[in-house]
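> If you read the protein sequences in the order shown, they are chains V and W.
The letter at position 221 of the first sequence is residue 221 when you use UniProt numbering, and the numbering goes up by one with no holes.
The letter at position 334 of the second sequence is residue 334 when you use UniProt numbering, and the numbering goes up by one with no holes.
These are computed hints drawn from the structure, not numbers from a lab.
Check before you lean on any hint, since a few could be wrong.
Derived contacts from chain V toward chain W, CB cut-off under 8 Å, selection only [as the list claims (entries may be wrong)]:
no. : residue
1   : Pro107
2   : Asn146
3   : Cys189
4   : His190
5   : Val191
6   : Pro351
Glycine included, C-beta positions come from ideal geometry on N, C-alpha and C.
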Amino acid sequence: MAFGSLRRIERFGWASSKLEQRGRSIVRRLSTFTEVDESKKNSSHQETGKSNKSVNLFSAINQALHIALETDPRSYVFGEDVGFGGVFRCTSGLSDRFGKRRVFNTPLCEQGIVGFAIGLAAMGNRAIAEIQFADYIFPAFDQIVNEAAKFRYRSGNQFNCGGLTIRAPYGAVGHGGHYHSQSPEAFFCHVPGIKVVIPRSPQQAKGLLLSSIRDPNPVVFFEPKWLYRLAVEEVPDKDYMLPLSEAEVIREGSDITLVGWGAQLSIMEQACFDAEKDGISCELIDLKTLIPWDKETVEASVNKTGRLLVSHEAPITGGFGAEIAASIVERCFLRLEAPVARVCGLDTPFPLVFEPHYMPTKNKILDAIKSTVKY
Amino acid sequence: MAQLTHRTSSLLKPLSFALSSTRHLSSTTPITVETSLPFTGHNIEPPSRSVETTPQELIKFFRDMALMRRMEIASDSLYKAKLIRGFCHLYDGQEAVAVGMESAITRKDCIITAYRDHCLFLGRGGTLVEAFAELMGRKEGCSKGKGGSMHFYKKEGGFYGGHGIVGAQVPLGCGLAFAQKYSKDENVTFAMYGDGAANQGQLFEALNMAALWDLPAILVCENNHYGMGTAEWRAAKSPAYYKRGDYVPGLKVDGMDAFAVKQACKFAKEHALKNGPIILEMDTYRYHGHSMSDPGSTYRTRDEISGVRQERDPVERIRKLVLAHDLATEKELKDTEKEIRKEVDDAIAKAKESPLPDPSELFTNIYVKGYGVESYGADRKELRAVLP
Numbered sequence: 001m002a003f004g005s006l007r008r009i010e011r012f013g014w015a016s017s018k019l020e021q022r023g024r025s026i027v028r029r030l031s032t033f034t035e036v037d038e039s040k041k042n043s044s045h046q047e048t049g050k051s052n053k054s055v056n057l058f059s060a061i062n063q064a065l066h067i068a069l070e071t072d073p074r075s076y077v078f079g080e081d082v083g084f085g086g087v088f089r090c091t092s093g094l095s096d097r098f099g100k101r102r103v104f105n106t107p108l109c110e111q112g113i114v115g116f117a118i119g120l121a122a123m124g125n126r127a128i129a130e131i132q133f134a135d136y137i138f139p140a141f142d143q144i145v146n147e148a149a150k151f152r153y154r155s156g157n158q159f160n161c162g163g164l165t166i167r168a169p170y171g172a173v174g175h176g177g178h179y180h181s182q183s184p185e186a187f188f189c190h191v192p193g194i195k196v197v198i199p200r201s202p203q204q205a206k207g208l209l210l211s212s213i214r215d216p217n218p219v220v221f222f223e224p225k226w227l228y229r230l231a232v233e234e235v236p237d238k239d240y241m242l243p244l245s246e247a248e249v250i251r252e253g254s255d256i257t258l259v260g261w262g263a264q265l266s267i268m269e270q271a272c273f274d275a276e277k278d279g280i281s282c283e284l285i286d287l288k289t290l291i292p293w294d295k296e297t298v299e300a301s302v303n304k305t306g307r308l309l310v311s312h313e314a315p316i317t318g319g320f321g322a323e324i325a326a327s328i329v330e331r332c333f334l335r336l337e338a339p340v341a342r343v344c345g346l347d348t349p350f351p352l353v354f355e356p357h358y359m360p361t362k363n364k365i366l367d368a369i370k371s372t373v374k375y
Numbered sequence: 001m002a003q004l005t006h007r008t009s010s011l012l013k014p015l016s017f018a019l020s021s022t023r024h025l026s027s028t029t030p031i032t033v034e035t036s037l038p039f040t041g042h043n044i045e046p047p048s049r050s051v052e053t054t055p056q057e058l059i060k061f062f063r064d065m066a067l068m069r070r071m072e073i074a075s076d077s078l079y080k081a082k083l084i085r086g087f088c089h090l091y092d093g094q095e096a097v098a099v100g101m102e103s104a105i106t107r108k109d110c111i112i113t114a115y116r117d118h119c120l121f122l123g124r125g126g127t128l129v130e131a132f133a134e135l136m137g138r139k140e141g142c143s144k145g146k147g148g149s150m151h152f153y154k155k156e157g158g159f160y161g162g163h164g165i166v167g168a169q170v171p172l173g174c175g176l177a178f179a180q181k182y183s184k185d186e187n188v189t190f191a192m193y194g195d196g197a198a199n200q201g202q203l204f205e206a207l208n209m210a211a212l213w214d215l216p217a218i219l220v221c222e223n224n225h226y227g228m229g230t231a232e233w234r235a236a237k238s239p240a241y242y243k244r245g246d247y248v249p250g251l252k253v254d255g256m257d258a259f260a261v262k263q264a265c266k267f268a269k270e271h272a273l274k275n276g277p278i279i280l281e282m283d284t285y286r287y288h289g290h291s292m293s294d295p296g297s298t299y300r301t302r303d304e305i306s307g308v309r310q311e312r313d314p315v316e317r318i319r320k321l322v323l324a325h326d327l328a329t330e331k332e333l334k335d336t337e338k339e340i341r342k343e344v345d346d347a348i349a350k351a352k353e354s355p356l357p358d359p360s361e362l363f364t365n366i367y368v369k370g371y372g373v374e375s376y377g378a379d380r381k382e383l384r385a386v387l388p
């Protein structure tokens, strides 16, 4: 429970130098933007609609929140310390601009925050709740699983909390230890009724967050905190949305398909570069939305390459990689030329001093690529 | 109260080892001191302001608190030198709570707390070397280097540690108290939490259970007035935390006065054994920011911090008492502080010699050995490890 670990990343050169690649090398492809209807635009944001600035991931999130609050007077942002800009600075300037009635601090009570957000959303509002670290989301697990996800179903569509978006920073930062590093996405992927979205870069983060906020279903939006400052890319100033449940092929290849999401993609991309030197051509897919996920894109790719590797930071057993593996084996059984490889976190609690052992590093991925291709 | 376990190396001496420097009074001659402020009770008659002590105890309070202070300052430097990784929350300013509480209870009583746990660990008989080694993730650490700053434990000292999620430890404390009551061993549990955690729903669930079953649980709210960067009044409709148990009695205590804490804990233990739970709100202050990445100066003024240092500092209060009772000279106290500084430096040097835990430790302590469970890595060929 601490103030921005990212500040520490910046301060400690070792993190940046070693992991620079992580954010910056991500393929920057302007994919299918859904531009918001020009006629609805009224603010300065859109006047400079065509200009792009290089910003980091937390600033991209900040821009998205500004736009969300500006374009919908019934949207609210709240959570622990968000009134002051949040520990990761994602909510800087929001309360000054939109007032303390729409952007406010909550007490330290995750279950209360999410329950409150569900009620607010049920009245037709856009409730954008922040859980300070994904590791702290578990007190709110009951509210998300039992209240939010099933509200529409069990009320026969009389009520819903579709305006609910829960933002939470997830993942390793190099030294976060047990309670500031976990990737809990798989827990939420077992809950029909909510969507789980994870962006890989600033540009993706802005577009996907706006889509999540405006999506008529409750969304859990995990932000890769390792990339908050490390990942910098050009982000359009304008209001744009990226489609949910649509995966993106960010690198084309013919020998093996790699599927991942969030911060892990840049590690996987480095493995792709290294594999290429050995003559292995890798296709890399960013899943973006974990549920409901885009099986077709992955299926098409595996039908082309005949091999699949999935990688995530969460422990391997019961991770979302298992679901992808099972579904693809079902769909592509006769086309597969090797068992599906999973390079994931170990089946241990997220460790403190052993983080380098725990992590699904580039070399582990590279080894798995080679052994899958040579199978 | 303390079991003195003298070991060969002075580095391994537990915190509670006593000083012998007394002058005019014999070390056990009773002295009566008045607490800084009267106690305020909620649904209970507060205890008297007069606290009995001895020269020996006064000197020990000074030494223990000065040692804790020094340890935290050294931890700050180690963190900045990147020898401590992960999250690190320092206790300086709040030492009187750890020391006062310890003097009123025994090691059979349990203490459970959140992640600001270094000094409570020392109070429970932990050594400096174990503390620093744990902070640096070394093998000699109190949790084998696997926990780090937030996860200190000491089973034989009744210290149930070091929990990461705010407020989660309080219901656990009720479970400990139930076990104590069931075994009729006349011990109690102190479940510590901060003013930020006081707004967690779990706390009220725990209070209800504790009161329903008359558990010997003492809920100690260490109110340092800021839940991370949020002032108490911004987060709590009623920042009178000692009253928030409603049907559970409470006591407001000056948590900067070790003797007030001692008196309150003694009183609370007697009450809890007879009548069930009670809340102690310790009005205290942390000098450092919430954690190492919080400078601690954006949400409060420097004047506020220096004001507390000048007027309410727990170590200075005891220093004044020692001098007023002529138990030591200023120079002697300064010498004690110098000794402490050396003791801390030596402990750090020793802790640095300790190696990192063996890589196989990554896979241990996840399941009990022999249950047919195996932990394995992503690359099963390379990293497969069977529990020893």
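> Each hint should be assessed against the structure and marked as holding or not.
To see whether the hints hold, each was checked on the structure:
Taking 8 Å as the C-beta cut-off, the interface hint given for V/Pro107 holds, the closest approach to chain W being about 4 Å. At its closest, the beta carbon of V/Asn146 sits 15 Å from a beta carbon of chain W; the interface hint therefore is violated under the 8 Å criterion. A cut of 8 Å between beta carbons decides the hint on V/Cys189: the least distance to chain W is about 19 Å, and the hint is violated. Because the smallest distance between the Cβ of V/His190 and any Cβ of chain W comes to about 21 Å, over 8 Å, the interface hint for this residue is violated.
Hint status for V/Val191: violated, given a least beta-carbon distance of 21 Å to chain W, over 8 Å. A distance limit of 8 Å between C-beta atoms decides the matter here; for V/Pro351 the minimum to chain W is near 6 Å, and the interface restraint holds.
When held up to the earlier numbered hints, the structure conflicts with 2, 3, 4, 5 and fits the remainder.
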